[in-house]
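Asks: From just these sequences and the hints, can you work out the full model?
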Amino acid sequence: MEHYNMNLTLKVWRQKNNQSKGKFETYPVNNISSEMSFLEMIDVLNEKLIEEGNEPIAFDHDCREGICGMCSMFINGQAHGPWQQNTTCQLHMRAFKDGDTIVVEPWRSAAFPVVKDLVVDRSSFDRIIQAGGYISVNTGNAVDANAIPIDKKDADDAFMAAACIGCGACVATCKNGSAMLFVGAKVSQLALLPQGAPEKESRVLNMIAQMDKEGFGNCTNTYACEAECPKGISVSNIARLNAEYLKAGLTTEEK
Amino acid sequence: MALDAKIPKGEMDKKWTDYKGHVKLVNPANKRKLEVIVVGTGLAGASAAASLGELGYKVKAFCFQDSPRRAHSIAAQGGINAAKNYQNDGDSVFRLFYDTVKGGDYRAREANVHRLAEVSTSIIDQCVAQGVPFAREYGGLLSNRSFGGTQVQRTFYAAGQTGQQLLLGAYSALERQVALGNVKMYSRHEMLDIVKIDGKARGIIARNLVNGKTERHFAHAVLLCSGGYGNVFYLSTNAMGSNVTAAWKAHKKGAFFGNPCFTQIHPTCIPVSGDHQSKLTLMSESLRNDGRIWVPKQKNDNRKPTDIPEEERDYYLERRYPAFGNLVPRDVASRAAKERCDEGYGVGTTKMAVYLDFKDAIMRYGRTEAGKTGIANADENKIFELGKQVVEEKYGNLFEMYEKITGENPYLTPMRIYPAVHYTMGGLWVDYELQTTVPGLYALGEANFSDHGANRLGASALMQGLADGYFVIPYTLGNYLADEIRTSSISTDHDAFIQTEKEVNERLSKLMNIKGKQTVESFHKKLGKIMWDKCGMARNEQGLKQAIDEIRQLKQEFWSDVRIPGEINEFNPELDKAGRVADFIELGELMCLDALDRNESCGGHFREESQTEDGEAKRDDDNFSYVAAWQNNGDSQWTLHKEGLSFEIVKPTQRSYK
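Protein chains in written order, with the numbering used here: chain A, 3 to 257; chain B, -4 to 653.
Treat the hints with caution; some may be incorrect.
Stated by the list, open to error - With a Cα cut of at most 30 Å, we get these calculated DSBU-like pairs of lysine-lysine:
#, chain 1, residue 1, chain 2, residue 2
1, A, K50, B, K208
2, B, K248, A, K50
3, B, K367, A, K154
4, A, K50, B, K521
5, A, K18, B, K497
6, B, K510, A, K23
7, A, K215, B, K179
8, B, K28, A, K23
9, A, K18, B, K572
10, A, K23, B, K208
11, B, K572, A, K202
12, B, K354, A, K154
13, B, K377, A, K50
14, B, K377, A, K154
15, B, K53, B, K248
16, B, K195, B, K28
17, B, K299, B, K399
Stated by the list, open to error - Okay, the calculated bits of chain A under chain B, using three or more residues with CB under 8 Å as the criterion:
#, stretch
18, 46 to 58
19, 235 to 243
Don't read these hints as lab results, they were simulated from the structure. For glycine and all other residues, C-beta sits at the position ideal for the given N, C-alpha and C.
Replies: So this is what it looks like as structure tokens:
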């Protein structure tokens, strides 16, 4: 790969805490290598801000290899920036060119309140999982792992759904702020596996109820979530979620 | 103080069964009154918190991330070992035990390793029951692959995202207990000290990272599941937030630190590209199943790798270690790469890289596929396409990750790789029950030192984390808590809580008030450079002594010139990081001291003074067959205690993979 250096203008959302009002600040950043990751570019800016006696930009990040789901920037109007199936931490500066202006915002959704600058609170996702995103099996209760063969296709589809990293890009990118892709992925994973069958109905009903309670919007099938999902989670999981929800609604009695 | 590892008497393969049969139990009514704190929610922490919650204990779990699902176990790629012998290739609990003790270069405790091998099979059962979507064969049964340092296929996997799937399994079990009210979860909280009362661990001081306020939490026992300390090197495959702080605070409160210098340098990582580098990315060891490692036979060869003909390539692992070839253990593979690069055969712009090449594997799989599908006269392109699909299914996400970072397509040109810090075998010293030298304080997973000796085999970290959390601590903790049923909850207004919290706050204020010129990051980078240069893949007496001097100097500089922006009582990641770097600096000194003391080579610890004629690590069993357990006596003061290792079953020999 050809390497090059670039000078950029960053417009970054700054917000002291969830009580205060935020606004965009503009920062020039110079001499950025095309080999840097996007977050390393922010590191460079932050070091400069600290040296100049200013507050660095707060942002969530941890593994920096695209799997923990912690990074969460809305870059030039796209969740995780311009590359497809990619997290912010894996976005590299060769995606930009000298002279570019880059606008960086936090996830914006009623269910993800801003904590500071680009950091948001995604604990609503944890509460959705608490509502039913599991199989109720205590440690030590399991039968031999090969006792129940699982159709390879089902296992593979379950894996594809389970690859969700819980970053929230689907919500941030949806004009309705819907969490259907996130919920659909978990419901699908567990519905596809025989181990998940006993709780199939209560799971989908409870998770959807919690999703509504958290203030996430509805799905209107724009598929923006799939397009922006860093792990390529398919909207077919939403279809499966709807099917499971419908079946559960028809067959579950009040207990 | 004599170290008692509390290893049960009896035959090696009966110890754990016998222990479980005689361990003290706590009745359900009493469990409800007993409180347990779990620090860290990776594989060890999440599985422990979930399992203890299921048993009925009152659990509080803490993590510094915004959700327990983000712990760095999530990034583990390759797989998890278990002695299932589903492949009928001769595996057994004994073999897994044997391979692990040998792979650890005879510096692990046999009894712990045997227990690990025993419970390994239950882990897979548990995970499948939770809905972990492991890779399967067409018949619907589980698939396995092989990993470095072994000759059987015992590794279970979910593409290159095994850690993610296992962690999400444990996380879901944890969230279920949260929903049931058995576990209370504290995200964005960092433990900043242990509270001890009458010599026992009775709680922690944690800081809420959102509002910066400190909190006091009581428990009858505290479990540290806070991971490893590879970030002492600044650049490592650890997450940015991975830190030693919880373990270090425990160490300063009396928990001995075991084998701190034992660091694993993983052979297959994406090389450093420049000074801006903030972390390194692993390319799973499973790639060595199909990738062949080579460098050009001539020095400073600047041709493109695809232009270098077969006969001008040096497949140096296959040449040096014909029996294991590309599947030698990690320490051996890392040193061999360093040796080639130091000799001038390295590739890429920095010349600090070797090739990991998939061409042969792609063509081999392609020919098999062509045969299977009855394509008689498949040309090279067709075979390549078919083979590429097979490789993609196995390692697709890794290849994508490589391409995103480097901008190169590894299906078409070999990957460039170089060793990087990945895992720390050292950690808090624990006995057979996973208890540290502080009663009531336990360490699980990578945070303890116990099972991997001087080198960890691939796919064994996930196994250990889950073994400790699901299947060991639920038994061993009961043995301690059974004697605590008469201890009612201690108020957090107790003097010990007030005093410890005061100390924590004083330290935070001290950090904020330095108001110097240099950033936290710049200190971390300097520490990392000292550690990598002098306490990295090769170590010697002179370098280690220099490193200790340099680290002491750096510590002074840090405490007089660090600049931390913002305030204490707000969301302030720079302050969080400053506390962690301050602890890393102190740990760095201890690592060098330990490396200096251990004047032998073993596993990942390579002392240049101790090597065989052909450059392999040379152990000195007569003088160093012990666990080094360091006691902290205040600022830069340590006492060394030795836990002698005896090998009843796996008799130490010079490790050979030739």
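Asks: Compare the structure with each hint and give your call.
Replies: Hints and how they fare:
no.: 1; hint: K50(A) to K208(B); result: 28 Å, holds
no.: 2; hint: K248(B) to K50(A); result: 37 Å, violated
no.: 3; hint: K367(B) to K154(A); result: 19 Å, holds
no.: 4; hint: K50(A) to K521(B); result: 18 Å, holds
no.: 5; hint: K18(A) to K497(B); result: 27 Å, holds
no.: 6; hint: K510(B) to K23(A); result: 28 Å, holds
no.: 7; hint: K215(A) to K179(B); result: 21 Å, holds
no.: 8; hint: K28(B) to K23(A); result: 45 Å, violated
no.: 9; hint: K18(A) to K572(B); result: 19 Å, holds
no.: 10; hint: K23(A) to K208(B); result: 23 Å, holds
no.: 11; hint: K572(B) to K202(A); result: 43 Å, violated
no.: 12; hint: K354(B) to K154(A); result: 27 Å, holds
no.: 13; hint: K377(B) to K50(A); result: 52 Å, violated
no.: 14; hint: K377(B) to K154(A); result: 26 Å, holds
no.: 15; hint: K53(B) to K248(B); result: 24 Å, holds
no.: 16; hint: K195(B) to K28(B); result: 18 Å, holds
no.: 17; hint: K299(B) to K399(B); result: 20 Å, holds
no.: 18; hint: 46 to 58; result: holds (count 9)
no.: 19; hint: 235 to 243; result: violated (count 0)
The earlier numbered hints that this structure contradicts are 2, 8, 11, 13 and 19.
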